[in-house]
Amino acid sequence: AQTVTQSQPEMSVQEAETVTLSCTYDTSENNYYLFWYKQPPSRQMILVIRQEAYKQQNATENRFSVNFQKAAKSFSLKISDSQLGDTAMYFCAFMKHAGGNQFYFGTGTSLTVIP
Amino acid sequence: EPEVTQTPSHQVTQMGQEVILRCVPISNHLYFYWYRQILGQKVEFLVSFYNNEISEKSEIFDDQFSVERPDGSNFTLKIRSTKLEDSAMYFCASSGQGYTEAFFGQGTRLTVV
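Those protein sequences? They're chains V and H, same order as listed.
Under our numbering, the first sequence has -2 at position 12, and the numbering climbs by one with no breaks.
Under our numbering, the second sequence has 57 at position 47, and the numbering climbs by one with no breaks.
If you're looking for bench data, these hints aren't it; they were derived computationally from the structure.
Heads up, some of the hints might be wrong.
To be verified - Computed footprint of chain H on chain V, listed as stretches where at least three residues anywhere in the stretch have a Cβ under 8 Å from a Cβ of chain H: (1) 17 to 28; (2) 31 to 44; (3) 88 to 101.
Unchecked claim - List of simulated lysine to aspartate or glutamate pairs, EDC-like, C-alpha gap at most 16 Å: (4) 88(H) - 13(H); (5) 82(V) - 66(H); (6) 52(H) - 96(H); (7) 59(V) - 38(V); (8) 52(H) - -4(V); (9) 82(V) - 67(V); (10) 82(V) - 96(H); (11) 56(V) - 72(V); (12) 67(H) - 78(H).
Where a beta carbon is used, it is the ideal one built from N, C-alpha and C, also for glycine.
Construct the entire structure; sequences and hints are all you get.
Now the structure itself:
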């Protein structure tokens, strides 16, 4: 079974600062995908960034980047130059490479950007 | 930009009633999903659908739940006899060929009273 753990239920950061959200996962799969989704107050799920497990290079998407440590099964999200619009719930998610394409979500980290 | 759309945005129903939640996935996508999120909790997988049949379902997806793709565009989730604990946000999602990310709709907030 796959599990995703986010150990930080709440975090805050000053506007323009950098924050890192943690995520660990457990799987016996070798090929898989990892994602960070953002859920603002509107509650829509918005993809922030994704990482393929077979790629060693960490994914980046503008101000968002990940630190993917496959051996440690760790997948943290770094948000640089935090903006007020980054205030949201952030979910780490895992998807197996083979079979059903089911996403396994962590319990989420509520991030507040303080002006 | 193509998007997944869900209707209605909010549905209130009495306990024991049937409810149908509707979704229009992105047109060229092949995999369809329903997830739910009880308020304050994590997003939970309900069911995935591919090639006109269920490919995977969770323990939550019991006999009270069913899914259907009645035509080429809609994807529905039916709850036959709603319970109070079915109150949640229900998200539809779709993904394309291969193991790509899922695109989520804006959700339907179901309130069972």
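Handout entry: Annotated coverage of the stretch 88 to 101 of chain V by chain H, confirmed only when three residues or more have a Cβ within 8 Å
Key = Our answer is that it holds, as 7 residues pass the Cβ test (under 8 Å) against chain H, meeting three.
Exercise for the section: Given the hint that residue 88(H) pairs with residue 13(H), test it: the Cα-Cα distance must not exceed 16 Å. Expected result: violated, 22 Å
Exercise for the section: Mind checking the alpha carbons of residue 59(V) and residue 38(V) for me, to see if they're no more than 16 Å apart? Expected result: holds, 13 Å
Problem - Restraint check for residue 52(H) with residue 96(H), where alpha carbons must lie at most 16 Å apart - result: With Cα atoms ~15 Å apart, residue 52(H) and residue 96(H) stay inside 16 Å; holds.
Handout entry: Distance restraint between residue 82(V) and residue 96(H), which requires alpha-carbon spacing of 16 Å or less
Key = Violated - the C-alpha atoms of residue 96(H) and residue 82(V) are around 27 Å apart, more than 16 Å.
Exercise for the section: With a cut-off of 16 Å on the C-alpha distance, tell me whether residue 82(V) and residue 66(H) pass. Expected result: Status holds; Cα separation ~13 Å.
Handout entry: Pair hint residue 52(H) and residue -4(V), alpha-carbon separation not exceeding 16 Å
Key = holds, 14 Å
Problem - Holds or violated: residue 82(V) to residue 67(V), with C-alpha atoms at most 16 Å apart - result: Given pair residue 82(V), residue 67(V) is violated - Cα atoms ~32 Å apart, limit 16 Å.
Exercise for the section: Can you take a look at whether the stretch 17 to 28 of chain V is actually covered by chain H? Rule is 3+ residues, C-beta closer than 8 Å. Expected result: Result for this restraint: holds, n = 4.
Handout entry: Given coverage of the stretch 31 to 44 of chain V by chain H, tested with a Cβ cutoff of 8 Å and a minimum of 3 residues
Key = n = 4 at 8 Å, threshold three: holds.
Exercise for the section: Would you mind confirming whether the straight-line C-alpha gap from residue 56(V) to residue 72(V) stays at or under 16 Å? Expected result: violated, 27 Å
Problem - Distance restraint between residue 67(H) and residue 78(H), which requires alpha-carbon spacing of 16 Å or less - result: Satisfied, since the Cα-Cα distance of roughly 14 Å is no more than 16 Å.
Going down the numbered hints, you'll see the structure goes against 4, 9, 10 and 11, while the others check out.
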